[in-house]
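With the hints as your guide, set chain B onto chain X.
Those protein sequences? They're chains X and B, same order as listed. Residue 111 in UniProt numbering is what sits at position 111 of the first sequence, and the numbering runs on without skipping anything. Residue 168 in UniProt numbering is what sits at position 168 of the second sequence, and the numbering runs on without skipping anything.
Hints were generated in silico from the structure; no laboratory data involved. Being a predicted model, the structure only gives us computed values, none of them experimental.
Here are some, though not all, of the chain B residues that point toward chain X, as calculated from beta-carbon distances under 10 angstroms: (1) L54; (2) L59; (3) M91; (4) I94; (5) L356; (6) Y359; (7) A360; (8) D364.
The beta carbon of each residue, even a glycine, is placed where N, CA and C say it ideally should be.
Spelled out from the first residue to the last, the chains are:
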Amino acid sequence: MATTTMCVADPDSEVIALSPKTLLATNRFICEVCNKGFQREQNLQLHRRGHNLPWKLRLKSNKEVRRRVYLCPEPTCVHHDPSRALGDLTGIKKHFCRKHGEKKWKCDKCSKRYAVQSDLKAHSKTCGTREYRCDCGTLFSRRDSFITHRAFCNALAQERSRLPTAGLNNLSSHLYGNNTMALSLSQVSAQLSSFPDHRGSGSQFEHLVSTGNPSPFTPSQLPPQAAFYPGNNGSNQGFSEEHQPHHSLLQSKAFHGLMQLPVLQGNTDASSSTVAANLFNLSFFSNTSSARSIGDSNNDGNQNNQILIANEFNGANGSSESTTLFNGDLMGDHVGGEMNSLYNTSMQNESILPRMSATALLQKAAQMGLTTCGGSSLSRGFGSSTSGSLKPPSLGGGGGGNGGDGLQAQMENEAHLQNLMNSLANGSSSLFVCTGRTIGGLGSFAAGLRDVDETKFSLSSTGSLGVSDRLTRDFLGVGGMARNISGGMSRREQNHGIGMNALDPK
Amino acid sequence: MAPLMANVVQDEGSSSVTSSPLKTFSLMSLSPPSLSPYSPWLRELKSDERGLCLIHLLLNCANHVAAGSIDRANAFLEQIALLAAPDGDAMQRIASHFTEALARRALRLWPGLYHALDSTRAVVLPLAEAAAARRHFLDLCPFLRLSYVVSNQAIMEAMEGERVVHVVDLNASDPTQWISLLQGLRARPEGPPHLKITGVHEHKELLNHTAARLADEAERLDIPFQFNAVVSRLDNLDVESLRVKTGEALAINTVLHLHSLLASNDGAGDPRQAQRTAPVSQLTLGDYLEKDHATNGYSPSTESALSSPFAPASSPARMESFLASLWGLSPKIMVVTEQESNHNVPALNERFVEALFYYAALFDCLDSTVPRQSVERLRVEKMLLGEEIKNIIACEGWERKERHEKLERWARRMDMAGFGPLPLSYYGLLQARRLLQSFGCEGYKVKEENGCFLLCWQDRPLFSIAAWRCKRYD
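Excised from the complex, chain X in its bound form:
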């Protein structure tokens, strides 16, 4: 459709604004006798001959006709503006239908709908003729979009990740496959000749990474490259079998290159440790929203458990004091035994669970409200490492503590005592699980969000509280609020924490 820029191109064009009714009208020319509709006046005239009515075929006028441009009647449309008018009547009709009309025409075979009948006709010609189906279930009629999709498809990625070493073999053999079978690539002869040479294979790998495609930017080149992606498992196997010797050749030689396969030993170490890590980290990552909701509800339970246990101890020791100070002290002195047993059980759990990563420890520490009495708190870094805009991780104390303003250092320390005692003493298993949730939550937050609002965690111990109040919503689901001097638990809040649990047994 030609668009005319009125101001510059043809200021003499006649701008015609037709009403929607006119544009949609299929048959504008009606026979007065039988009311039959015609799209063209010529056809109506010829029809009138049949009624023995006077007819006249209008000849095309000799004088120069002013160029006509048409406007779209829809006011929100770009083509409503005379400077963007379309030059063709049929064009404006189709445009109006497509963009602003109802999609009345449906394809039989698939669920596609069209507003213009000719679009549907064009579609039916190709519908169902050639189909590519990705493992994730998406259908493609075009080969290139199919291939591009496959490279990014989540389903495929998950499959590959589940079989790390196998995946590695397949992928490396794919790349080799790419290499040997990319006959259309211009460099293939050079590569083939250097293949047996182990240095050559190294640089080949480099080469592969950087020049997987002769012309990486034109989509037409993509198919030959991507054709060597696993079409199906059968061809996969074929590749891997064929290229197994090459693969081992690669692995056995050390080389510098852009694409170095990590040493096998290192690789297996990595895969074993990371597989374990995957259990706790990546599984949360992949299911963002579900993990979050699960995490929230479970964390509630965990947190409450911590507090409940603390209460039990208190009760067991006959102490009715609910101040943090005494709690801490009691736990230290009398409850040492119980705590040790808790430690033991948690240690047993820990021996099964993999070690927490440094990042996880930092998150846990921030959760526990580990701060110093100078105001530098982990909240800042914590927020920075994730995103600030959505719900940042909670910095509530282990017992859902609430930071008050202007706490004195002593209170802080007691708070530390309380929090550390609660969190650590009451089961490192929950410690780990909480962190698992934390990481999961983090994963969902951090995914795609990277801008940090440092403002939310300013140094000021008093000024920023308003800001951080709003933001440090407890994503663990426990009603804790985080402040920079967080963790301070007043008597009131301790009661609140315990009371909360009494009301909310989990």
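Then chain B, alone, in the frame of chain X:
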């Protein structure tokens, strides 16, 4: 309150030491108990608890160092020394490097001591060691390789159809990226262009090595090639020496180096004064400005107008003039890879925490993918990451070169300098992900955001790659 504290302190005799190790550091923010290295509970500590202990100790220590109370900081350093180890688990290693940084920082109060310790160290950090450490980093982690692949892809796309391509590498110590580019150019359907690479580096030997390697490779691939060595520091680089011809198709590439130009004379001098002169209120003002910018988009005039001597300048003069001179060369593309973290805050506390989180992720990454006893890993941690940490924490002013900033700020800076964003292509992302797959370790991710890529470990972005084009007559 006081009696209780006394109570607890009393209990820290040998009898209750075994009962709860956690109690011992509950009050340590004020006065850490004197733990003997032979305390039995030390051995009982599980790695997680030890990790949390370390974090607590580190934060407190940093706080005291920032406030200038060196005695207390010293006490904490002693405690940390019992738990930290450069060959332990991730948290232990992090602690050992961060405490070294903190110790150096504390030493700034005695400038004589500080510089005496530094005098044989700073200038003559063995080149070979540093280069070896970087090579190990290249091998052990995919980040550098990802950057190379993505940058090369962007450059090749920008240079499509050009007969002569001029690439300027602002930190040409590693030929790997350009070897790969040569190979990529060889495979172009229209044939390889004439390639000129101008490498800028401080040290002649590294440049010579790079030149030789690249010349060999170009010879092997039969690509007309020319290497221009410019021995210069980035901060006194004369762009004329780059010998960019007018109208030449120019690509500029910088990997983890551009931030060094952000070093300026802020906060140098008496560290105590430096901390005091960044008072809380001004930081919140600065934060408020940041927030303002975050919500309103960038308003460069406001930023520079409000940059007092104490508030962080968004673009120190040196960076501005450097970018302006680069802009004057009309590059077709400029690819910048930088660390994705904010280590350029004036306040030490904030910087410490940011750095802690950032390097925790990096150390974790190494811990998860490389065996503990690996010498290469130790070298990377000590000579590459450890040096960065030391620079971030212990240095100020011109000395502090590792001024990492987040992509958002880089974007604003580039925009102010007349560069517009050049989105990285889908195909670049494809290649990056493919590289990761063949690297084989789980946990790495490449994320795309606004046309830039973020290289992540466990969803924490660690590096950003972005491309810019010269805006002219827009």
